[in-house]
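Residue strings, one per chain:
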Amino acid sequence: MPGKLKVKIVAGRHLPVMDRASDLTDAFVEVKFGNTTFKTDVYLKSLNPQWNSEWFKFEVDDEDLQDEPLQITVLDHDTYSANDAIGKVYIDIDPLLYSEAATVISGWFPIYDTIHGIRGEINVVVKVDLFNDLNRFRQSSCGVKFFCTTSIPKCYRAVIIHGFVEELVVNEDPEYQWIDRIRTPRASNEARQRLISLMSGELQRKIGLKVLEMRGNAVVGYLQCFDLEGESGLVVRAIGTACTLDKLSSPAAFLPACNSPSKEMKESPLAHPPSHGCRSTHNSPIHTATGSRLTQNFSVSVPTLIYTGMGSGSAGKEGGPFKALLRQQTQSALEQREFPFFTLTAFPPGFLVHVGGVVSARSVKLLDRIHNPDEPETRDAWWAEIRQEIKSHAKALGCHAVVGYSESTSICEEVCILSASGTAAVLNPRFLQDGTVEGCLEQRIEENLPAGCGFCHIPYDELNMPFPAHLTYCYNCRKQKVPDVLFTTIDLPTDATVVGKGCLIQARLCRLKKKAQAEANATAISNLLPFMEYEVHTQLMNKLKLKGMNALFGLRIQITVGENMLMGLASATAVYLAALPMPGGIQIAGKTPSDGSYEQHISHMQKKISDTIAKNKELYEINPPEISEEIIGSPIPEPKQRSRLLRSQSESSDEVTELDLSHGKKDAFVLEIDDTDAMEDVHSLLTDVPPPSGFYSCNTEIMPGINNWTSEIQMFTSVRVIRLSSLNLTNQALNKNFNDLCENLLKSLYFKLRSMIPCCLCHVNFTVSLPEDELIQVTVTAVAITFDKNQALQTTKTHIEKSLQRASTDNEELLQFPLELCSDSLPSHPFPPAKAVTVEKASPMGEGNFRNRSAPPCANSTVGVVKMTPLSFIPGAKITKYLGIINMFFIRETTSLREEGGVSGFLHAFIAEVFAMVRAHVAALGGNAVVSYIMKQCVFMENPNKNQAQCLINVSGDAVIFVRESELEVISTQQPTANCQQSCAGGEVTT
Amino acid sequence: MTSELDIFVGNTTLIDEEVYRLWLDGYSVSDAVALRVRAGILEQTGATAAVLQSDTMDHYRTFHMLERLLHAPPKLLHQLVFQIPPSRQALLIERYYAFDEAFVREVLGKKLSKGTKKDLDDISAKTGITLKSCRRQFDNFKRVFKVVEEMRGSLADNIQQHFLFSDRLARDYAAIVFFANNRFETAKKKLQYLSFGDFAFCAELMIQNWTLGAVDSQVDDMDMDLDKEFLQDLKELKVLVADKDLLDLHKSLVCTALRGKLGVFSEMEANFKNLSRGLVNVAAKLTHNKDVRDLFVDLVEKFVEPCRSDHWPLGDVRLFLNQYSVTVHSLDGFRHQALWDRYMDTLRGCLLRLYHD
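Protein sequence lines, in the order shown, are assigned to chains V and L.
Using the UniProt record's numbering, the first residue of the first sequence is number 1, and each one after it goes up by one.
Using the UniProt record's numbering, the first residue of the second sequence is number 1, and each one after it goes up by one.
Some hints could be false.
Stated by the list, open to error - DSSO-like cross-link-like pairs, simulated, lysine-lysine; straight-line CA separation at most 27 angstroms: (1) L:K111 - L:K126; (2) V:K210 - V:K4; (3) L:K114 - L:K126; (4) L:K75 - V:K45; (5) V:K617 - V:K607; (6) L:K75 - L:K188; (7) V:K32 - V:K8; (8) V:K45 - L:K111; (9) V:K8 - L:K75.
Calculated from the structure, these hints are not laboratory results.
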């Protein structure tokens, strides 16, 4: 009996009226955990009942503690008929299971009903007594900490970064069980919520076990997703990076080690390279059979089409290699489980040596009913196969690891696209524990690499390049070769030197597809995919050039499948890396040079493009120091960097590589306008409007080139659904609609947030789904942060000099912000010290300081303020404690859509309620913020004819306590926990 | 391409004061968009009409969701769904319960009943305030009335506690509730020159001195109803005009004191008996509900208008009223000094406020 769970029901407030006659409610509460249920007394005739119950005690296994949610149901007592349910609260007690997180959960929770939404609040206190009899063979993994944050959490130090952990569990979806036909929607929704809650608990426990096996104590970058496969079931899967973390107790002492990670091995983060036993066994049959790579560091796997149910001809053909793979996998099951993948996007200094480029793999699958939930082998095998592919792509790029790794799915009926992507990278072998690292890596390691460019240097062999790239000597150190552009899925490394500011760029694409069934459908999709990947890539490249920049960070490409179309949306943050060559312009080439007017048109367009590039350079302050060609002394004959993007006539993927090589000898970046399509593309390039002045946007943690954030933040979610006019849709019209949808959405955001100017939208995360035939849904979550304009106007260069100076002179000053300096990903401006110094010292009259003071967290408010942000930090504040992971799943359904304000009213209210429930849980844990918040799923379905709608939302994040930097000096010991709980408990007022 | 769904939800609820005002003023979304365009917002921000439309819709939806909470402002403070900074919460409440001068003058002193609500169309047409806004204001009055009507303690304090108003707004609402409860006539043509502020001022004085609460703070409705006993007693004042000697003595005392100090001395001397009769008769009649309702009409007819027609300056009115009430203490035969003070102190304040063009 390793744990005792104690629950006390204190009071309720704002309950709904359940008895029309008296306008009152006779409420009581059921507290359920596992199979045990307790009840409170009925509190007669009150909308604000005071139960003040005894402590309900549950004696349970810690395995159950991890899996099961605490379920609290509020009911209205009825003497003559069945009691009516008012609503429920599910409390995940996981944060109470490890010592460093929360010790008690106490506060007001919204009472939630899947049909009516929030109906009042209930005050609950939850405690856990864990008995420390540690059974070696236990099935639980209590004590393993989970973080959604994709970097080493702020108040921890990474002792060892072990590597990839993954797990998935499957089950039948209650919505599709036979019983669903006879039960109420409410019962069905609740069954689903409960099941998913159980499954995520189980998943987390299993991942925790794997971490313990690896001798780690934490999972960082934990990403858990649901695949609602409909008839065929429900999959909950998660990936993460296992680490051994040390809590920083006296941060100041640790500071020196942070500044020089390479000097002291012990203090530095270590990485366990996973063993590479399997790599020799197959030069990936899939890879050679169907894989191909396109231009520019951008390795794309043509999706492998594999059917679970063998049958059709094509399936037979492609099933072969897969089977072979499966056999290999089972043979080397142990080794297979370990992939050299890291879900982190920001790293301790010195961890990342080189970056090869983006690797991605997709595959199209046909879903089949999951016959045995206890053996989720099929899904496991699918993912293993994709990961294998990613791994081999990385190897082809001369890299032994993949960082910034993520996985996703898109499901439409019975077809599912599995996607995985990451950034191939070489990690510092000095941090690796065993020396069995590939040779390709060792030769690449330099001593005394100048900071800020090392990661750009190519990891692959110059003479044996995996794809046609155009290399020059690094513009920073002049010693190593760098590519002309760099695409990555990670955040900008803190030590990277960036010129000017960055910006969000997006590639958007739609492709119509015939409606088809099963295999035919899957085949059609997998045939379309390579073209989409290619075009997305072309668009990204064009837009990057148009911005006058040379690198992409945080690249995320989402391919969404619908009944009759495929959508591609790629988002990334473009920057100008000082180490990489200046991008050449874009040249337009007409295919019929004889025609005079055509020629004129072309030259007109050419001018427009050149103007736009010039304007963008000014806008984003891109003025790299001029370097004369002689100094570069490039062995590469052409002074200008060129690359060639093809609008290839024969887009057969196998040939792309050849074609590319054969056309490599032209200056500048040539866009060949050979048909109307191409014309459209050029036009669409030019129609992207930059954000209004005072606004910046990026999809990374923060914007390169801006480092003086104020504490004013606003996280938001915006959802739009458009209905396409169904008649005669063409690809072009579709593209335009989609493009307009995204652009208008951004414009609306800029307008809404105009009071925050100067401001940057950070971590802009677009998600596209196709809920129905003619509907496109775009969901955006981001955070707007105001920055101090005066300081922002300083040029990067002077800033660098200043900060360096200050850093060297003001060492004592720095000690005040030791944690920030250690933390790797914080304001990923290249010079973290600059931030600490500027906050503290620079411009005493500055607005930043003023604002910080003028807007203290409101203590007199009865409801404590809880900040939410998708970032891993809170500007102007220090995170002092991580309280545990928040992972919540909600379903809301209505049968009175019109009465609730239509679809917009319904979803608006639901999202507001989800935010409220997240905030309430964080506050109950004693926290005042959620960091690394993400809305992983927002599935919306409507049936206006029946006046019905349903929505499923899944959110997660890390609950934390933060302290304002301005208050830090005042409060020497941490007291926010006490404060917060006081305010929560004291929030009771008689009405 | 049509937008099926379009929402924006912030962790901190965004409140656009301008749009809030338009919403409160009862404009439809399309009217509000047109008004915003006219205000030049597109030029200032470079936004498109579509963006403005979406933004306005969004704010309207938020306000609509907040409205339920605004009906019981403490709920707004304790609810968890919308995270709104306290200063913004206060603004939302204050603006929601704010009212138009033109509107309040129309309903002040009327019974807050369904009947009055039916007349809102006419009021809307007359004042140019949208019907929607009229309804909101009317419902606000009624809601506050219902909540505080049977409570103990100070009216303004009760309102402030249950609706979290600012001092100023709470006092205004106390006046509205007080007027509605006592059904003072304010709509007569001769009262049209009076502002809500004038009435509110009088209401406050009357609440302080003439209600039950002025003598006993432990009764229900203490600030709402006038002290019946006091009104009964006021009959006793009649002696001041009924007894000729007393009246003459009173007049001579006032005239002696004011001789040379008053610009309108002769007019005062000539009118003294009329004015005094007017003021005392108003007091004596207050036993009847009907006459209570006509209090302001009577005051204007019996005092304000005669003085105004003789062009008394305000300073002279003040001097006269002071002297008029003080000299009563020197009337040996008059035994109701305390009663007189309770009546006259308030009345004097009211009259001075009512005396203007």
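Tested hints:
no. : hint            : result
1   : L:K111 - L:K126 : holds (19 angstroms)
2   : V:K210 - V:K4   : holds (25 angstroms)
3   : L:K114 - L:K126 : holds (19 angstroms)
4   : L:K75 - V:K45   : holds (19 angstroms)
5   : V:K617 - V:K607 : holds (15 angstroms)
6   : L:K75 - L:K188  : violated (39 angstroms)
7   : V:K32 - V:K8    : holds (12 angstroms)
8   : V:K45 - L:K111  : violated (32 angstroms)
9   : V:K8 - L:K75    : holds (25 angstroms)
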